[in-house]
Every structure is written in C-alpha cells, then in structure tokens.
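These are the residues of each chain, in order.
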Amino acid sequence: MSGLDQIFVGIGHGLAGWAPASVRPLVAAVLEIAGIMAVFGSCFALTTIVERKVLGRMQNRYGPNRVGPCGLLQPLADGIKMLTKEDIVPFSADKTVHFLAPLALTVPVWLAFAVLPFGRNMSAIELNSGILFFFAIGSASELAVFMAGWSSQNKYSLVGAMRAIAQMISYEVPLVLSTVPVLMLAGSLSLNDIVAAQGTYTFGGLARWNVFTPWGLAGLLLFLIAATAESNRSPFDLPEGESEIIAGFLTEYSGFKYALFFLGEYLGLFALTGLAVTLFLGGWHAPFQWLEWAPSWLWFGIKFGALIFLFIWVRATLPRLRLDQLLNFSWRFLTPLSLINLLVAAAWYWTGAWKSAAAPPVRWLLCAALIALPYHWLGQALRGASPPPRKYNYAE
Amino acid sequence: MLNEIAFLLLASLTLAGAVAAMMLRNLVHCALCAAGAFAGLAALYLQLNAEFAGFAQLLVYVGAVAILIVFTILLTRGAEIQPGGTTASPSWWMGVPVGALVAACLVGSIMSSPSLLRLPSQNVQAPVKSIGEQLMTQYIMPLEAIGLLLTAALLGAVVIAMREPPKSEPAAR
Amino acid sequence: MSASTTTVELAERAPENQLLEVSLGPQHPSTHGVFRMDVALDGETVVKLKPVFGYLHRNHEKIAEKCSYLGSMPYTDRLDYICSLTNNWAYALTVEKLAGLVAPERAEYIRVILSELTRLINHSALAGFLLQDMGALGTPLMYAFREREKILDLFESLTGARMMCNYMRFGGCRCDLPPGWIEQARSLVAEFPKFLDEFEALLTGNEILLARTEGVGVLPAKLAVNAGVTGPMLRASGVNYDIRKVDAYGVYGRFKFRVPLGERGDVFDRYMLRILEMRESLKILDQAMRDLPGGPIMDPKAKLRNLRPKPGEAYGRIEGPKGELGFYLISDGGPNPYRYRVRPPSLINLTILEDMCLGQTIADAVVILGSVDIVLGEVDR
Amino acid sequence: MNGAGIIKGMIETARNFAGSYHDSKRLTTVQYPEEKLAPVENARTIPFLVYDGGDAMPGLRCTACMICEKECPPQCIYIVKDQVKKPDFVGKMQMQPKVFDIDISVCMSCGICVEVCPFDAIKMDQVFELSTNDRFGGLLLNKTQLAKPNEYFNKLHKTEASEIDARRIEEKQKAEAAAAAKAAAPKPPAAPGGAK
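Protein chains in written order, with our numbering: chain V, 24 to 419; chain P, 14 to 186; chain E, 283 to 663; chain H, 1295 to 1490.
Same shape as in the complex, but just chain V:
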C-alpha cells in the first residue's frame, strides 16, 4: 500500500538526492512546482475536451471526435490554433495594462495549488494558515479582471468587467464563510490538519468526512455555488454573457492572451474544486475503511473528477441569472445561510457530548432542521411573494 501511495514522493526524493546538498531544497521545490504544473496543465487540456464531449452527449450529439482518437488531440489543436492566431490589440487600448491583465490573472492562480494536499504527505508547502493563503491569492483575480476590462477601452468589456467584479466580491463572502465551520471543528487553518481530522472511520467503516454532517453538507453546497460564481461558470457566467455583451472583458482579447484567460479561469476552478475536496470530502482519504489499500492521490483524483463533472453538468442545464438577481442571491440568501451554518456547526459541536444510543440520528436531524428551515424561509423571501401558479384559461 505505501509503495504505490508514496510513489511520487519517492521519485521526488530520489531525484532531489542527486543534486548537491547545498541546493537540494531548491531542486526539491522546483520538482514539486514542475509536478503541479504538469498535472494541472494537462488536466486543463483534458477538461476542455471532456467538457465539450459531456456537453455534447447531454445535447444528443457526439462532441469533438475528428482530431485524434475520439477527439483526444483536440486540446492540442486548440492550443496550436490559439498560438497561431493573430494577437490583436485595439488601437485605443492601454497597451501595458492590456498585456499584463492575463498574467495578473494566471500567476496568482498557480500559487493557490501550492497549499493543497493531493495525497498522503504530498502537499507542496505545509503552512499552518493554509486556507488564509488560499483566499489571499484568490482575491487578486478581481484586480486582473478589472485591468482586462478597463484596458480594452470597449463598452462591452467595461460592462463585463464591472459585472465580474461585483459578482466576485459579493460571492467571496459566502465562499469564505462556508469554510469557517470546517476550520472551527477541525481547530486549525492548515489543510493537512483538516484532512487528518477527517481521517477516522465510524461504524460500518464509513469515513468521518465533513460532508456527512448537516453543516458539512450545507457548507459543501454553499461552497460549490459560490465557487461556480467565483470562477464565472454557467449559472453565473454574466461577465462573459455571450448573448448580452459578447464576451465581456474578454471581447478584445485574441490569440494566446485569450488562451491565458481561459487557462486562468479553469485553474481557478481546479483550485476551488481541490479545496472543496480537501475541506468537505475528506481530502485523500478513502470513503470506506476496507478501501484504504488504494493510493491516496487516486481518491483525490476521483473526487476531483466527480466535482468537475458536476460543474459541467450544471453548465449544460441552467440558464444565466440577471445581475441584480445574482447579487440578491448572494447577499440575501447565501451569506445569511452560511452564517446560520456557523450556528449549526456550533450546535453540532455542543451536542457532540450526548452519549445515549439514539444520539447520532436525533442530533443529525436536529442540526439538519436548524439549517433547512432558514433555507426554506430565505428562499421564499428571496423569490418575493411568489405569484400564484399561472392558470391558462382556454377559449373554445
């Protein structure tokens, strides 16, 4: 078990061993960086093709299958196309800021991967305030979006940039608040401790993941909704609402800069999915005790793939929200719910001491009710006095 599980760690140490002692830490760091960039770079290429094929299958068509065996070389073709396409910079655009915007978006997102634990002792850096680092890096992307939107000097991109910033800021609050219960119960900001806290197994070998607790389930849903909004994906893809403002802040970008934005957006999605897996789905732990033999990074990959499929599935189904609805949804529904989630986590913590046999189900139902009722009331409040269901009378 530990052979296959630690295979990457072993390779890393082996390679670093050859380097002279003085510069060994540097070489180890470079190896880790290279590993992360290789894995998530190819994951980006794979996701573009998987997304188009799954979307196609959901729409009764094949999806790209001409380039390479069943379309697997499509990302290569897209990459070459992006590189060879002319990189047009509008005349009135602000050249330097126009050039810096994609960099300012992509570089911070790469940093966010440093802190995620992909497998047993397979996280690049072990910070004791890992989550704070993650959100600090994540918040730099708004500035990049503004730089892109403003520097293109084009009406559509300005409207798109304003929408993007309003959306990102108002969805950062529920994103951060929905992770607070996990930190409270795990008692530490470091991601490795959080994963360790979810390591034990309960009756029947089921892993003690956070998602099996009421506040964990609510937290995961809140986190995923906020993550979709943070990474500008489907129900919230207002910044590049094609049908309204062409491509929002991406209108004036073409060629490799557009590909960089694309890369930045997908990496943001991967980082948030990785965090969701680490916080709520037990990081690299196996779901059941008797499944412990599989390598830990494989579990992280499976959960990661499942969440990415969920994002693609949502993208295939839901229409887009309007800007004011989007902001109302965040401030009047998600944020209050995540605050209430804190109460539920606290209730869960204090009722932890019950010893009676029937404690777990009663405790679970009690906390679930504590979150379900506000969910219902806030939902009704958000939709306003929902008009009576439409009845259509017929004329003979």
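Computed footprint of chain V on chain P; a stretch qualifies when at least three of its residues, placed anywhere within it, have a C-beta under 8 angstroms from a C-beta of chain V:
hint: 1; segment: 42–48
hint: 2; segment: 68–76
hint: 3; segment: 140–147
In short, the hints are calculated from the structure, not lab data.
All residues carry an ideal CB built from backbone N, CA and C; glycine is no exception.
Given chain V, put chains P, E and H in place with the hints provided.
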C-alpha cells in the same frame, strides 16, 4: 545569502511601486502600481515569517483596498490625463525642506525608541492559533472598536453612494 | 424594477452625458438575424431603445410585381424561412380568392396538416432560442432541433426540400403524399408529447427561468391591441383572437381545438403559450390525419401557367406561427399582380419592442426580443 | 422546496447523457462524410436535362420551347434555338437547343421548370456536392454538363420516371399504329420515319 538578495529585490520593488504610484500621469496606472506596492509589502511580511500578517495584508489590501481605489478613480473623475500638467508643481522647492523636516523627526523617534535596542529574538514562531487567542483575550477591545469603525464607514459609504430617489428631489441633477 | 416606469421618469434618472450608448448591432449573437438595437444604458437599465432593421431587405414585393403569380410562390418560402409552408398557404389562399379557385378536400386537409407541423417547428425552435438568449448553452435548443429534424425529413420526402418547400399551388397542392408518409407522420405526432413533457420538465419549473422571465417585458392588452400585435404575443396578454377560430379558413371549422390565453403578458406567458399551443396543434393533427379523405389534390380547372385572374383585389390571411400573416393582391387582368403586399406579423409585433424594454436591464431586453419571435426575412422582406 | 425545478432539469440532462450511450433516439448525429443519409425520392437540388438512348446530344428530349426560361423566377436558364431540326421519339421533327445554360449559383432549386416543361425534358437532380473553386465558370453548367441519361432519372425518381416511360411507350405504339394504318390504307408511303 539568499535571504538578503530576496529582501533587497522585494524592498526595491515595493519602493518602485510606491514612487510610480506617485509619479505616473495615468491615474489607473498609479492605482495599479499602488496595488503592486501593497503586494510587495505583503511579501516582505512573509519574508519575516509573519505568515498571518502577510496573508491578511494580501487579502485586505490587494484584494479589497486596491479595487476600492480603482473604483473611486473610475466613478469620480475617470482616468483622463490632464493635458500638459507637469508632475511636479512649480513651487516644488518649498516642499523639499518640509519633507526633510518630517523625515528627520521620524528617523529620530525610531532610533530613540526602546524597541530597537532589544536584540530581535531569532524567528519567533507566531502560529495563527496564538494570534487568535491574543485577539480574543488581550486585544478584544481594539478589535471591537475597529469593527464598529468599519461598519460606520460602510454605512457612510452606502449613504453617499445611494442615488436619491427622483421623486423627493424636484430640481434636475 | 417595476416595468411600467414611464420614459419621462427614466430620462431624469441620469443626465444625458452619463448614458452608455451601446448598439446591439447587426453583428450580435442574439438578435435572431441582422437586426440592430441602439440602446442607451443607465448602468444596466435600458433608458432608450431604437430598433434599426432593413439589413435583409430583398425587394420582395417589387420583384413579385414583375414575376408571374406562380413565379413568386418560391419567393414566399424565403419570407419567414422557418415556416415556409404557412407562407405558401397564405399566398395560395389569396390567389384562390382573387381567381375564384377552390381547392379539393384532400388538398385542404394536407394544408392543415403541414401548417400545424410547421407551427410545431416554429414554437419548439423559439423556446430553444429563447433559452439560448437566457444563457442555457444550447441544451434546450438541441432538444428542439432533434424534433425539428424529424419534421423536416417529412417535409423533404413530400415537397422535395426541407425548408424551401414551394409546395402549395393555386387550387391545391403540387404532388400527393408518397406512400408511408402518413404512417410516419402519425408516429411522429404520437411521440411529440413525450418530447414536450421532457422539455417542460427541463425548463418550466426551473427557478432561474422563472426569475428571468416573470414580470419581464409585460405587454398590456390595450397596448397590444392598439399596436396591431397578433399571434401568441397577443394571446399571451389575454386577448382572445385566433384567426383559425375567427375566419375558420380552409377546413379549420371541422376540428375541435382550444386557444390558450395568457394572464399577465410577460415573457413567461409567451413562452408558456407556445408550449400549450404546440399541444393544441397535436390535437388538430390527430383529427386531421384521422379523417384525411382520398380524391384529387388539384382543382382540375386551375391553370398552372399563365393564370390571369380578372381585375380586382383580395386580402387573404392565415394564423401563422408568428401571428396574422396576410397577403394583399391587386390584379389588373395581366399575368403578374399589379400590387403585391405582405402583412408581416414579426415586423408589426416588433414595433412595441421599446415600450416593453424600457426600465428593464439589458439582459432582459435581449430576452424580450427573443420572446417576440421575429425572423428578419419577414421583418425586412 | 426551492431548488426542485433546477434538480428536475438536472435529472433531465442526466437522462439524456446516459441515454446518448444506449438509446439511438437520443443520439441522432450522422457522421456525414463516412455515413450518408438514405436518398429521399422526392428530394431536389439542381435541374438536369434527360436524354434517351445511348448518345447524349441527339437523344435530348428538350425541344427548346423556352417555356422554362420564361417561367423560371430567378431567370437562370439561357436557351438558344438551333436551326437544324431532329426527329423526336415519335418521329415528329422537333427543334433542339444549340445552347442550354443553367447558372446554378442563381438557381434556387424551386422545381417550377420541371412542372411547366411539357416534354419531360428537365428534371431535378439530387446531387448536392456542388462546390467548385471557380465562382463564375464552375457554376455555369452548359448543355453537355447538364445532360444525364434516362436510367439515371429512373434511379432518382422511380415512381415519376416509370409513369413517364409508360406514357411515352404507349404514345410511341399509338404513333406507330397510326403510321402503319396510314401506310397500309393508301398507296405505299415512304418508309416510316421512326428513328431509334
């Protein structure tokens, strides 16, 4: 050795960002350079192993304050460049002595303050947990005061930004 | 955002210079063809909206004056290129009125069957495009097009072309149904409700769709009647006016079907109207296919070539999927019409676009335009 | 429950996703160059001229009556009559076209020329791979390019072709019977003119 080079690099970047924020013509460029300076400062904190301070600085300043500055520039005067205005006003020579005076008293107070005398202990580990406890126990009053201050500022901003409903304001804008 | 804020109150909200002039130009992904809207935005709210069209003007009516009566029949396919058979029928109906021809029973039944199938195509395509404007990336549209392909295959096996059918003649139809056509059509009509249920399951209960469409682009009944709006848009505002019931042209009088009416006339009502009308069309199709008579499909004394109706004028109209499609012909006894005028429902439904969009956000303006269901071929002629 | 509608929609797309792997109705794509749809009998793209017998030019049924040129709405047919006459299938001397061009970039495949042609000389083809690299010459088909044998017409529109052939054979027998009768009754006439 590596540390010194990194420190020099980061310090020069931060200073360059700050100076650029002051000197450039285009307001939005100044705002972006200011954001660069904030990021440089955060990197300096991290170099001193003050993780919490560094990440908080990055989160608060680069994440929020920079956007705030940029928005205020856009919504108020826009980023047009005043044609022909030189960066330094004609009576710049009056400013130099005043600047020198302020710098002198600043340096004087720093040098004479007791904190410098004590030898800085080797990289003191300040894990987040102890910071959290300190905040909640010893420094609870300043934390609450800051909270109140920020809410008041938030409410003030909302009141200013709210556009009066047309009915109550008869005259044209 | 109450939809009824008057223009005066809106204009006062922001001084002229702060308005963002955006032209949702002819080159735009959601204008259903080459159509432009010059929009003045105060933030996200539409303050002024000027529709600009005419990019697809092909001088159809002047060409028709030069062509013979038969010659301009293929051109009517190009008017509303999504529902070519209803255009053919309207034109054939008018010329029959002008020349005093009567189509035999079988031809009338075939015409009803084909026009109801066209209504299915148009309404399902509209629902798909409306969701596309709202941002659902193609899924509803692909489901609608999957069904549309089956109907287009039926048209191709009967008339020879999928979209440019050119099938109806003055006094009947060009050719009879090929063997096996009716059975194929019957099985299609039997499966269609399953698609509609699937479509409604995907969309009608969807909270985001409800949020995006309820109370958006409300069209009061009085304004609709004054502006001459016809078709599903008018019925969505609650006005009971369906030419199939009013005129009972062709053999519509023999079929039992109902006309759904909306309540509040907003975008959701228009979307729902189309779904309910599709269900009614299925009822008509069942009845029409059940008692489809035999017999000739062409009036024997109808002359194909140099048809010279006696001088006079005629206005024939049918209930097209988009509204009242009418043709007005003046004949001076010659082989080609003296005056040839088309009443385009899309254009007339479009005149009140500004009244519906004022006070709404730009995202709503696009959705409202989608709900009006325009085809630029018919708007610009 | 607030999210019920959205969840129902998600289940719908999931059913389509799963269905696309096993249910043929859920995956209707035809991979065009490899798989081709079965030809539909009534389909029509651009017109072509029908000729009988082996040789194209003499066998053309077209008698240059110019009706299709007059009736064609976009006026894309151009015919020049030929002075030399030639006998048709019944033996009567008929005109023939010297030049018969159709500009298929103008033709809107409406099929009116087929309807109005009294001699069943022009029919609608079903070939749609018409792309050429020359916009003017490539799309202006002349008489030889347009001519196609009657067997090809039978292959395309079987029912219509068989009716026309039956009618033509019957007319030919009636004409030969009339010619034979005329030959038998009065003094022996010149040899019957029927040319194959």
